[in-house]
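Enquirer: One-letter residues, chain by chain:
There are 2 protein chains.
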Amino acid sequence: MEIAILLFDGITALDAVGPYEALSMLPGAQVRFVGKERGAKRTRSGSLALVADHTLSEIRRPDIVLVPGGPGEEALRHDPEVLGWLRAAHETSRWTTSVCTGALLLAAAGILDGVEATTHWSSFEDLAALGALPVHERVVIRGKIVTAAGVSAGIDMALRLAALEAGDETAMAIQLILEYDPQPPFDAGSPDKAPPAVLERLQARRRARTPT
Amino acid sequence: MEIAILLFDGITALDAVGPYEALSMLPGAQVRFVGKERGAKRTRSGSLALVADHTLSEIRRPDIVLVPGGPGEEALRHDPEVLGWLRAAHETSRWTTSVCTGALLLAAAGILDGVEATTHWSSFEDLAALGALPVHERVVIRGKIVTAAGVSAGIDMALRLAALEAGDETAMAIQLILEYDPQPPFDAGSPDKAPPAVLERLQARRRARTPT
Chain D
1498 MEIAILLFDG ITALDAVGPY EALSMLPGAQ VRFVGKERGA KRTRSGSLAL VADHTLSEIR
1558 RPDIVLVPGG PGEEALRHDP EVLGWLRAAH ETSRWTTSVC TGALLLAAAG ILDGVEATTH
1618 WSSFEDLAAL GALPVHERVV IRGKIVTAAG VSAGIDMALR LAALEAGDET AMAIQLILEY
1678 DPQPPFDAGS PDKAPPAVLE RLQARRRART PT
Chain A
1498 MEIAILLFDG ITALDAVGPY EALSMLPGAQ VRFVGKERGA KRTRSGSLAL VADHTLSEIR
1558 RPDIVLVPGG PGEEALRHDP EVLGWLRAAH ETSRWTTSVC TGALLLAAAG ILDGVEATTH
1618 WSSFEDLAAL GALPVHERVV IRGKIVTAAG VSAGIDMALR LAALEAGDET AMAIQLILEY
1678 DPQPPFDAGS PDKAPPAVLE RLQARRRART PT
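Protein chains in written order, with the numbering used here: chain D, 1498 to 1709; chain A, 1498 to 1709.
If you're looking for bench data, these hints aren't it; they were derived computationally from the structure.
Errors might be hidden in some of the hints.
Listed next, the in silico EDC-like pairs over lysine to aspartate or glutamate satisfying Cα-Cα at most 16 Å (straight line) [to be verified]:
| id | chain 1 | residue 1 | chain 2 | residue 2 |
| --- | --- | --- | --- | --- |
| 1 | A | K1690 | D | E1634 |
| 2 | D | K1690 | A | D1665 |
| 3 | A | K1641 | A | D1560 |
| 4 | D | K1690 | A | E1666 |
| 5 | A | K1690 | D | D1665 |
Covered by chain A, per the in silico footprint, the following chain D stretches (three or more residues, Cβ under 8 Å) [to be verified]:
| id | stretch |
| --- | --- |
| 6 | 1510-1521 |
| 7 | 1582-1590 |
| 8 | 1643-1657 |
Backbone N, C-alpha and C define an ideal beta-carbon position, used for all residues, glycine too.
Start from the sequences and build out the full structure, keeping to the hints where you can.
Expert: Shown next, in the form of structure tokens:
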């Protein structure tokens, strides 16, 4: 089972690494980190780089395609090489998946046209504008297309996929190895749970960045 | 605020990347990925590499020291350069922290002598043998020493640290940006919650690897 995870500059590292940890433990899994060019791809802060060992043209028919998100995603929405690779890989994939704003790239490739999907809570309008039908769920499975909400949701998605591919016992064993027994100190991980002041602070910061 | 995250070959990537995502959003945070040598450090499977941009000698007085775990940790338990760096950094740090079996490195450096700490559930005996006092909690805070349980526990630890450093509102904002509203498909993330058959399967695999 070949699993291709797309890397690019401006990636949110946890979008890729959360699912990597879970999916790489699937029986027979071969994870390939792919990029337009080989080499280090940096997060927006610049302080972390993940290495793409393979170019897109080397990994043409992965069983699982995983598209992480991050601020660098936007620069690829009109990139014919990346969009063409996604479309071609989707034709033969078992699962085509995204985490966070990775869904916007799948949508830009036309893969989510009229399909229910999710993304980071702050990007629902963008997702709709690109032709998908946004759904407020943590993991959305529609046929072979699986989209996860923001950043950390990729871990939950990967465990769902692991169960579908290898059964509940294997997925639970992976969860136990990762000691994924979450105990966040606050219950503030989604817009409907966070205190209004916290949500408003982020939305104000976002408005300040985005000229309307 | 300078945050040093140790990288090494055989690291568990999520141990480092989970806390990185949360801590890098702290006001004024500068995250430095450090290694014995600069360059790519690979996970055990070999398919993912994280890049250390700095050598140990370049980052001598970080405010936060974070030691991830992973199978490569054991090779460093007798490495005088790494242990010496940890001891020196701990002298001036605000927080000395570990995720998963990273605690075994802190213990090997003598930093956990007689100190209550946690690690991955499968490494409690090793942690005790190295002089620490194992505690079955997800995050253990004792003075400025903070240890997290296995792999994904680093995210919970980082949010606790964020709250201590920058207040609850900032920590909640970070949680909301990461959309950390966990919804694992199973409740199998700790040995006391996983079905006995799942736990026994992992323990049998572990016994097969470790000659007694």
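Enquirer: Does each hint fit the structure? Answer for all of them.
Expert: Each hint, compared with the structure:
A threshold of 16 Å between alpha carbons decides the hint, and for A/K1690 with D/E1634 the separation of about 25 Å lies outside it, so the pair is violated. Pair hint D/K1690 plus A/D1665 holds up; C-alpha atoms about 15 Å apart against a cutoff of 16 Å. For a cut-off of 16 Å, the pair hint linking A/K1641 to A/D1560 stands: about 11 Å separates their Cα positions. Of the pairs offered as hints, the one joining D/K1690 and A/E1666 holds, with about 13 Å between alpha carbons and a cut-off of 16 Å not exceeded.
A hinted pair counts as satisfied when its Cα atoms are at most 16 Å apart, and A/K1690 with D/D1665 qualifies at roughly 15 Å. Counting residues of the stretch 1510-1521 of chain D whose C-beta sits closer than 8 Å to any C-beta of chain A gives 7, which meets the bar of three, so the coverage hint holds. Here the stretch 1582-1590 of chain D counts 0 residues with a CB under 8 Å from a CB of chain A, which misses the bar of 3, and the coverage is violated. Under a criterion of three residues with beta carbons nearer than 8 Å to beta carbons of chain A, the stated coverage of the stretch 1643-1657 of chain D is upheld, 9 such residues being counted.
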